[in-house]
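Model the placement of chain B on the given structure of chain A, informed by the hints.
Heads up: the protein sequence lines correspond to chains A and B, in order. Numbering follows the numbering used here, with no gaps: position 102 of the first sequence is 102. Numbering follows the numbering used here, with no gaps: position 77 of the second sequence is 77.
Check the hints yourself; a few may be wrong.
[Unchecked claim] From the structure, some residues in chain A lie toward chain B, with a derived Cβ separation under 10 Å:
no.	residue
1	44
2	47
3	102
4	118
5	141
6	143
7	180
8	286
9	300
Hint data in this document are derived by calculation from the structure and do not stem from the laboratory. Beta carbons are placed, not taken as given, at the ideal position from N, Cα and C, and that holds for glycine.
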Amino acid sequence: MSNNFKLERETSSLSSFPDTKSFFSKLKSWLLPYTFLSPSLVVVTLFFFIPLIMVFILSFTNLDMTNFGILKWWQPANWTLDNYVKIFTNRFFPKILNNTLIYVSMTLIFFNVGMALVIALITTNINRRIGFASRLIWLMCRLTPVVVYIMMWKALAGPSPMGVINKHILGPLGIGAGEYLLNANPWLFVILVNGFIGASFGMIIFSSAIEAIPKDYMIAAKVDGASTWQTIRYVTIPMIKWPLLFVTTYQTLSLLTSFEQIMLLTDGGPGLYKTEVWSLTAYHRAFTSYFGNTQWGYGSAWAVILVIIGVIMAILYLRVFRFGELMQEPKIDQL
Amino acid sequence: MILNKFRSKLKSTFAYLVLIAFSMPIFLGFWWLINTTFSTRTEGLKSLGWTLGNWSFLWKSPFGLNFPSIWLVTLNTFILAMIMTIIVVFVSSMSAYALSRMKFAGRKGFLSATLILHAFPSVTLLIPIYFILSWITKIPIIGKGLPFIGGFGFNTIGGVALVMVAFQLPFGIWIMKGFFDNISWDMERSALIDGASRFQVWWKILMPNIKPGIAALSIFAFISAWNAYLIPFTFTIGRAGKSTVLSVYLQNFMSDSVMTNWNMVAAVGLFQLIPVLIFFLFTQEALLNIYGGGAKGGA
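Next up, chain B with everything else stripped away, as it sits in the complex:
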């Protein structure tokens, strides 16, 4: 008995040791990163002088008054991430509902095709997508006349969000389908017998039942939108513009004309990381539920 207890203790100690060993580069890396944002120079993990100067971008714009302040840029990023998340959740849960619950021609084909879409390199589609966004811009109202998001054309938050939605869809549809698969058919059937339409069933019966799934997908979508660089950079004009987002704004600190203050770059990067981390701490349970199923039928 004592031997057994000893053995299980040894096992869990071993598990912790393996975990710590594997995570070592992350510990060291972030230790260095935090250190460096408060230092003038570093040597390894040792600081060669402490300073708060690297964080000065919080209270004054380092590029003069023509540039938006970091807080406006943060707000832009937030709006973009929220819009993109909402669209992703709606579009992929509608499709996932049809794929999970309805019989129609091309059902299996559509699901396989969704996965195959993920094989398309985003970067090479950039040029044609630029053409398409320019075409959308020419459509009245939808192009660039909408309030708040600007529209769905080139150089609008809506347009950038829509392009990012397209690249997020394969993941969204597959994950949401797993959640729909796990809801009992009886619930849906009884609602239908009571005279509800399929839309009502989807919106009023099934959606409230997959809240963990919605939360998990939202978090993943939000994170990828928050950190997105290539697409906002390509489809908005100028990194100093009014619609710039954090990851694009970060590029301002690495200009060719002045020597890059890498410590400040690190500070901006850390600043960008903090909101997501906080957001994350509050939504941990939902994220762990991203996989709704047991052995079969999910993911």
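Same shape as in the complex, but just chain A:
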């Protein structure tokens, strides 16, 4: 009896351990997570939140190179909605929106997720060394300096007799007249050029996720007589669901904001706004202009709308894919 009692007392004193803590140690344990987060919080505040607020304010002003240093852009008296009116009444607005939709969805579906998954599936199911070498080859597109990478594609698409595709593939087959392929099919090349870079990100994440699937599942599927296709469809894909969702979300946002490759490849052309996407427009308005002045305020307004689109997309993805379930509850709260 007394033994039992002692045991009970010990257990209860153990479970009530946090109550004996002083106020300061409680404060300390409350503050601890934020201490761990503080470096990121500082960086994010300095280089994301403050700049974002500034861009937001700038988007209501007409700040450009000519009145920089003169215009007091931080004073509400100088804020108007003119930039936004200008954007929505721009007659190329529907065209640019449409371009952005085509660019993001096509590149995402066919390359950043689709091709990445195909390459990951193939390279994890063949000889390990060859699989690794293939992934390295795909990664080279990402590793090459953008300027040189674009140069390479321009050489591939070049007119005959210089262009590689024209000279070695289309020429012997007798297709086409040897014209500059980039001008003939600008969209095809915009998607290919971005896709070959984009695919490597998903490829790495997918293939490591596939390698992390316990081999027992594959063997079990094989014993049950599943075909290769069935194994992929009913074992592999469900097992890599979360990486798939992460890559889809992350790459949608990457594509929305990327423009460097398009700028170097077509610069929005050929012709008027043929391949001009939203982020490229923001860059063009803010940093280059046909009239020589850089309209920082107007460019910021384009950027603000892009940020809003991106944030809405991100929240939608988080909802649809139920990212909340991804979070395990921490198992150690008090100690």
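Relative to the frame of chain A, chain B by itself:
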């Protein structure tokens, strides 16, 4: 049985064929690129005359003595990439540890917000970031008085690294959180019972256990810093300066005043690619481990 064997052989042949077909543009492209750096002119994949002249930037600066040599620029790039990688790994693993292992108000919100940060176009934040770096420069010592990295203000390697860290954080935090999620709780619990603090647990127990994760994140961060162009170009003065990096230096070859020697541009680009490729061959295993989890809880 023989039929089965034949079928599996056919399948793997098919897999190889698909792989080769899809990778064809890359083969052709890099074949052309390597060819062109050793040629005076090319026609398709055919060289119209071989030369080593395009690689002459390795032993003499093509712009005269006022410009830093390619080796100094390579060293700059290396320092920048290393500093940025170290900061990214530390900052994102600290945050990922808190997000994965601790209960606090705003935990889910912070993780979602991290992903949303990725929706912010870097290019449009450039102007405000310029203002902020200028403000940091005015802070004594931290601004531009530090040895080695110069400081964290405008036109310093530290400042450029810090800005790039900010854009690398969303990826870093998400990937590292996946790795922390997969470590058993018992290990942490026993360390805590033995009297370790959470900092000690993080540094001495958990960090050594996610080495593959650290390696994978380091490689990705290193690559993106090595190739970064826009941010170093915007936040350092002049592409001929002492703190210039390779991708910015490359712009020197494409000046408006003289006709661009595109073959030399290709050679410089290839030169920039080689160290990363070598680095990569040695770290292949770690990179494949970037995703630490099974079906749930990772990435």
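Verification of the supplied hints:
Checking residue 44(A) against chain B: minimum C-beta separation of about 7 Å stays under 10 Å; hint holds. This hint holds: residue 47(A) has a C-beta 4 Å from the nearest C-beta of chain B, less than the 10 Å allowed. Restraint check, residue 102(A) versus chain B: the minimum CB separation of about 19 Å is more than 10 Å; hint violated. For residue 118(A), the suggested interface contact is upheld, since its CB lies about 7 Å from the closest CB of chain B, less than 10 Å.
Restraint check, residue 141(A) versus chain B: the minimum CB separation of about 6 Å is within 10 Å; hint holds. For residue 143(A), the interface hint holds, since its Cβ comes within 10 Å of a Cβ in chain B; the closest pair sits about 5 Å apart. Evaluation of the residue 180(A) hint against chain B yields a violated restraint, the C-beta minimum of about 14 Å exceeding 10 Å. Annotation: interface hint on residue 286(A) holds; nearest CB of chain B at approximately 7 Å, less than 10 Å.
Taken as an interface hint, residue 300(A) checks out: its beta carbon lies about 6 Å from the nearest beta carbon of chain B, inside 10 Å.
Hints 3 and 7 from the earlier list are contradicted by this structure; the remaining hints agree with it.
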